[in-house]
Amino acid sequence: MKIKELTCINCPLGCALTVTLDGEKVIKVEGNTCPKGKTYGEKEVTNPTRILTSSVEVIGGKLPVVSVKTASDIPKNKIKECAAGLKNITVQAPVKIGDIVLENIGGTGIALIATKNVERR
Amino acid sequence: MQEYELIIVGGGPAGLAAAISARENGIERLLILERDYELGGILNQCIHNGFGLHTFKEELTGPEYAQRFIDQVFEKNIPYKLNTMVLEIEACGDEKMVTAINKEDGLMRLKTKSVILAMGCRERPRGALNIPGYRPAGIYTAGTAQRLVNMEGLMPGREVVILGSGDIGLIMARRMTLEGAKVKVVAELLPYSGGLQRNIVQCLEDFDIPLKLSHTVVEVHGKERVTGVTLAEVDENRRPIPGTEEFYSCDTLLLSCGLIPENELSVKAGIELSNITSGPVVNESLETNIKGIFACGNVLHVHDLVDYVSEEAKKAGQQAAAFLQEKESDKKEKTIIIQPEGGIRYTVPQKIRTESMEENLTVRFRVGKVYENVYVNVYLGDKQIIHKKRKKMAPGEMEQIILKKSDLTQELKFDKIIMKLEEA
Amino acid sequence: MYDVVIIGAGVIGCAVARELSKYRLKTIVLEKGEDVCSGTSKANSAIVHAGFDAEPGTWKAKMNVIGSRKMEALSKELDFPYKRNGSLVLCFEEKDLYKLENLKKKGIENGVEGLEIITGEKIWEMEPNLSKNVKAMLYAPTGAIICPFKLTIALAENANINGVEFAFDTEVKNIQKTTAGYTIETTKEYYETKCIVNAAGVYADIFHNMVSEEKLTIIPRKGEYCLMDKKAGNFVSHTIFQLPTEMGKGVLITPTVHGNLLAGPTAEDIEDREGINTTGEGIAKLSKMAKLSAENIPLNMVITSFAGLRATEKGGDFVLGEVADAPGFFDAAGIQSPGLSSAPAIGEYLADGIAGRLNAQKKENFKPERKDIPCVAEMPKEKLKALIKENPLYGNVICRCETVTEGEIVNAIHRPLGAKSLDGVKRRTRAGMGRCQSGFCAPRVMEILERELQKSPLEITKAGGTSALLTGKIKEDLE
Chain E
189 MKIKELTCIN CPLGCALTVT LDGEKVIKVE GNTCPKGKTY GEKEVTNPTR ILTSSVEVIG
249 GKLPVVSVKT ASDIPKNKIK ECAAGLKNIT VQAPVKIGDI VLENIGGTGI ALIATKNVER
309 R
Chain C
-8 MQEYELIIVG GGPAGLAAAI SARENGIERL LILERDYELG GILNQCIHNG FGLHTFKEEL
52 TGPEYAQRFI DQVFEKNIPY KLNTMVLEIE ACGDEKMVTA INKEDGLMRL KTKSVILAMG
112 CRERPRGALN IPGYRPAGIY TAGTAQRLVN MEGLMPGREV VILGSGDIGL IMARRMTLEG
172 AKVKVVAELL PYSGGLQRNI VQCLEDFDIP LKLSHTVVEV HGKERVTGVT LAEVDENRRP
232 IPGTEEFYSC DTLLLSCGLI PENELSVKAG IELSNITSGP VVNESLETNI KGIFACGNVL
292 HVHDLVDYVS EEAKKAGQQA AAFLQEKESD KKEKTIIIQP EGGIRYTVPQ KIRTESMEEN
352 LTVRFRVGKV YENVYVNVYL GDKQIIHKKR KKMAPGEMEQ IILKKSDLTQ ELKFDKIIMK
412 LEEA
Chain V
158 MYDVVIIGAG VIGCAVAREL SKYRLKTIVL EKGEDVCSGT SKANSAIVHA GFDAEPGTWK
218 AKMNVIGSRK MEALSKELDF PYKRNGSLVL CFEEKDLYKL ENLKKKGIEN GVEGLEIITG
278 EKIWEMEPNL SKNVKAMLYA PTGAIICPFK LTIALAENAN INGVEFAFDT EVKNIQKTTA
338 GYTIETTKEY YETKCIVNAA GVYADIFHNM VSEEKLTIIP RKGEYCLMDK KAGNFVSHTI
398 FQLPTEMGKG VLITPTVHGN LLAGPTAEDI EDREGINTTG EGIAKLSKMA KLSAENIPLN
458 MVITSFAGLR ATEKGGDFVL GEVADAPGFF DAAGIQSPGL SSAPAIGEYL ADGIAGRLNA
518 QKKENFKPER KDIPCVAEMP KEKLKALIKE NPLYGNVICR CETVTEGEIV NAIHRPLGAK
578 SLDGVKRRTR AGMGRCQSGF CAPRVMEILE RELQKSPLEI TKAGGTSALL TGKIKEDLE
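Chains as they are written, first to last, in the numbering used here: chain E, 189 to 309; chain C, -8 to 415; chain V, 158 to 636.
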């Protein structure tokens, strides 16, 4: 049996979670206030994931950059690699919230989408 | 001269939500005045996610959260002016006069029956912290750096030390790292972080950025551009302990040391401010001491979550509408004061007109330090009307309790409510 | 070949330049910084001393009183802020009353008008926030407050439109006597000149000693200051000095001409001629001393602290005039307090000397007047309305704290000797001088500088040199 202490990052409550593991298997999650906490606890000790947010250059837009995020969680250990992969990415204005900037970021199978509207200059 | 029923000063999250709610409550002639080039306020630079869990039951980024409100402003055809700075608010009897300028309209004198203050807050600058040393380039507040990185695509530095563990500082530690900078350390003067625990986990721990509690910057080095800072540990009186100095080479110092409501306009208008929140003193309707001037969002008190700003602003919009639609009643209303004691720093509202209050009144407050397993107790005279256990409370987080009208109107002889933290 | 090369574009160099611009002379000012007013002139008490402090007969006494008398008229001619608020010297001990009397006597001897010793309740009628420990005070109605940036900038601009050249980022490395005068080696080029004015602040001894056997020694004396929010601006209305106590020479508390409250300076002799760092000890000492004058001074409203260096010459007095063993080399050295107050007098004195030596003729077309940038924050509404109609940029507020508009910033950039950096804009317009200390407006001022000077964002500096504000674009350093 192994016990891991975590802070849930789902919401600002930041519940202190205690996850009990048997090898790789999660036995129980305690300390959570909501079901999301349980899911987070389980995932965090086995396959931690994060949303990546960043901004990329816009060509011909009213603003120089547009903010972006991954459409869903990506593996935590891929965050840095995925962020670095955005180095030479640009998008053409206009951009709308939800527009796909990259189909598959860093081979995760997850799309990168715009989180702001940017009009054409 | 233009005449309005309601002018909203600020088009950030508070101003937008207040405008939408005022319109939903039947106010036609209203106007939002925004000083930046777009609506949305500071949310536009908060490109990280974590907004909207309460309001929309999903996790949005700042710009997405703002857009939901901006879209409603568009749908409802609520008029707004951008790049417009309010210079003055004057209250003369029932009329208010708002003076504002922009490039297109020049100087405007706008007559209105009511005003909602939604100017937000600003960051505490280096000067206010009295950090010794030189004054080179490379010292920014975390928010300024956030704007440069997230909205302009520019890097304020390569090697960064962050002073203060407020949420913007923590968020910027991650942002700067992901954009190619090296964040060496985050120093916090207090023995606990001023930011949310989840930001410490996902912004610092995820990237192995050390957080040094009870530490501060005792010297800034570099005559033209920052070349380093010296950190030192502080004692319980927050004084640097000699011998604990440690030099960090860096080209940038970011400051995340607290936010201050922006109330210069309010002061000029004659609005009473609280010494503790630095925001207006308001009643249950979020109305200031000047009838018809309301306040909401970070100009009223600094919030931890934008969701609560929206909630509060919605109420300000409703109350402004109610004020405008009210057949002027001169009834003498009983006002009771909420007196925070024992660990509770302040409450908003600070006073309640019991007749006017809604059935369930949300009172927001903050505590002065970290508490574990305490009770929030509310007394009306000797009578305890609320007794609530909290596992953990921290100054970085805004708390709330609900006061019931029935509790307050039963006992008429009291003119104050005492709210305090107690062991039992 | 220049007639005159002035070393240093501080308040003294610029005052001399402006006076020389009245003559038909080819004059240039060499400045190692990127702008005028970037050394001692930028960090001081921002006051015009009445002139009772200096020993009668000294240069300080003479120049101070003349300078102080000239300043108000000059402020109208050159359009910079000046306010005669009067000054007070506090005495905390009965036994020190004679010192106050002596000060008054000295003042009268120096020619200071209206000096009066105040005692009893009248002390607090004049200044309600003063300590109850004040026993008496010397009132000097001619004391005034001023904006040192605007004074220096105004002098420089006026000199410039009247023909004086300015070379910035130009540091003097060496001076050699020639048959016709001097050759000056700089980091940029060589200058041949008949006369030199040495107005190099804390570096003046170095240049003097290059040409003279009568050596000077300047010791930089650091003074730390705290500037408080405009909310505290009414805490006192006069400039409040202290008689020296056991704790030291004393510090002042004064309103600034822009409505802030200022406390300082400390006094510490240092070696580093660029050592303008503040220290924890300095600020602590300053707080303690300021509280002697007024216990309740609102130090919790500090918006910035800074330090300046006074160029203290070993002999204690200003060193003014042509150097005996270096004909054509004019010193304005050791210009510490009351240097700012004395600047108009020093400018005239040296210019007269130089004009005499070169037998220079006055110009007929000298333009004595100069208009400052319109100040939106202080403008009546009707006037502002008209101004925005004429130029809409004055309707776009960039600095919220001080209400500085795009129009003012663009004006600051494009006027003679215009602003090139964030600090340059700040000193000309006050953008970034308010309570948020440029948190909100810095990125926007940077954008305007880029646009107007056609530079890349990466070239924009805080104050020239290596003070770049940005290090690159996002993601550049990612691998």
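Hints were generated in silico from the structure; no laboratory data involved. Even for Gly, the Cβ is constructed at its ideal location relative to N, Cα and C. Just to be clear, a hint being listed does not mean it is correct.
Straight line, CA to CA, 25 Å or less: simulated PhoX-like cross-link-like pairs of lysine-lysine [claimed, not checked]: (1) V:Lys256 - C:Lys259; (2) E:Lys226 - C:Lys175; (3) V:Lys387 - E:Lys284; (4) C:Lys395 - C:Lys305; (5) V:Lys630 - C:Lys102; (6) C:Lys203 - E:Lys268; (7) V:Lys252 - C:Lys259; (8) E:Lys264 - C:Lys173; (9) C:Lys203 - C:Lys383; (10) C:Lys67 - E:Lys284; (11) C:Lys214 - V:Lys442; (12) C:Lys94 - V:Lys240; (13) C:Lys214 - E:Lys284; (14) V:Lys387 - C:Lys259; (15) E:Lys250 - V:Lys612; (16) C:Lys173 - V:Lys289; (17) C:Lys104 - V:Lys279; (18) E:Lys268 - C:Lys175.
Okay, the calculated bits of chain V under chain C, using three or more residues with CB under 8 Å as the criterion [to be verified]: (19) 423 to 434; (20) 454 to 467; (21) 481 to 491; (22) 623 to 632.
Restraint ranges, calculated between C-beta atoms of paired labels, are given here [as the list claims (entries may be wrong)]: (23) E:Asp261 - C:Tyr183: 26 to 32 Å; (24) C:Gly84 - V:Glu273: 44 to 50 Å; (25) C:Glu350 - E:Asn235: 54 to 60 Å.
Cross-check of the supplied hints:
With a C-alpha separation of about 44 Å, the suggested pairing of Lys256 (chain V) with Lys259 (chain C) is violated against the 25 Å cut-off. With a C-alpha separation of about 33 Å, the suggested pairing of Lys226 (chain E) with Lys175 (chain C) is violated against the 25 Å cut-off. The hinted pair formed by Lys387 (chain V) and Lys284 (chain E) fails the criterion: a straight-line CA distance of about 44 Å is larger than 25 Å. Between Lys395 (chain C) and Lys305 (chain C), the direct Cα distance comes to roughly 20 Å. Compliance with the 25 Å bound is thereby established for this hinted pair.
Proximity of Lys630 (chain V) to Lys102 (chain C) is assessed by CA-CA distance (about 45 Å); at most 25 Å being required, the pair is judged violated. Taken as a hint, the Lys203 (chain C) and Lys268 (chain E) pair is honoured in the structure, with Cα atoms around 24 Å apart against an allowance of 25 Å. Taking the CA atoms of Lys252 (chain V) and Lys259 (chain C), the gap is near 46 Å; set against the 25 Å cutoff, the hint is violated. A threshold of 25 Å between alpha carbons decides the hint, and for Lys264 (chain E) with Lys173 (chain C) the separation of about 19 Å falls inside it, so the pair holds.
Between Lys203 (chain C) and Lys383 (chain C), the direct Cα distance comes to roughly 22 Å. Compliance with the 25 Å bound is thereby established for this hinted pair. This hinted pair checks out: Lys67 (chain C) and Lys284 (chain E) have alpha carbons roughly 21 Å apart, not beyond 25 Å. A distance of roughly 23 Å separates the Cα atoms of Lys214 (chain C) and Lys442 (chain V); the hinted pair therefore holds under the 25 Å criterion. A distance of roughly 32 Å separates the Cα atoms of Lys94 (chain C) and Lys240 (chain V); the hinted pair therefore is violated under the 25 Å criterion.
For the proposed pair Lys214 (chain C) and Lys284 (chain E), the alpha carbon gap of about 44 Å is over 25 Å, so the pair is violated. Among the hinted pairs, Lys387 (chain V) with Lys259 (chain C) is consistent with the structure: their alpha-carbon atoms are about 12 Å apart, no more than 25 Å. Of the supplied pair hints, the one linking Lys250 (chain E) and Lys612 (chain V) holds, its CA atoms being roughly 19 Å apart against a limit of 25 Å. Only pairs whose Cα atoms come within 25 Å are accepted, and Lys173 (chain C) paired with Lys289 (chain V) is rejected, the gap being roughly 54 Å.
For the hint pairing Lys104 (chain C) with Lys279 (chain V), the CA-to-CA distance comes to about 46 Å; that exceeds 25 Å, so the pair is violated. For the given pair, Lys268 (chain E) sits about 17 Å from Lys175 (chain C) by alpha-carbon distance, which is consistent with the 25 Å threshold. Counting residues of the segment 423 to 434 of chain V whose beta carbon lies closer than 8 Å to any beta carbon of chain C gives 3, which reaches the threshold of three, so the coverage claim holds. With 5 residues bearing a CB less than 8 Å from a CB of chain C, the segment 454 to 467 of chain V meets the requirement of three and the coverage assertion stands.
Proximity of the segment 481 to 491 of chain V to chain C, defined as three or more residues with a beta carbon under 8 Å from a beta carbon of that chain, is not established by the 0 residues found. Using a Cβ-Cβ cut-off of 8 Å, 10 residues of the segment 623 to 632 of chain V lie near chain C, which meets the minimum of three, so the contact claim holds. Taken as a hint, the range 26 to 32 Å holds for the pair Asp261 (chain E) and Tyr183 (chain C), whose Cβ atoms sit roughly 29 Å apart. Between Gly84 (chain C) and Glu273 (chain V), the C-beta spacing of about 46 Å keeps the proposed range 44 to 50 Å intact.
The hinted range of 54 to 60 Å is not satisfied by Glu350 (chain C) and Asn235 (chain E), whose Cβ atoms lie roughly 46 Å apart.
Against the hints set out earlier in the document, violations occur for numbers 1, 2, 3, 5, 7, 12, 13, 16, 17, 21, 25.
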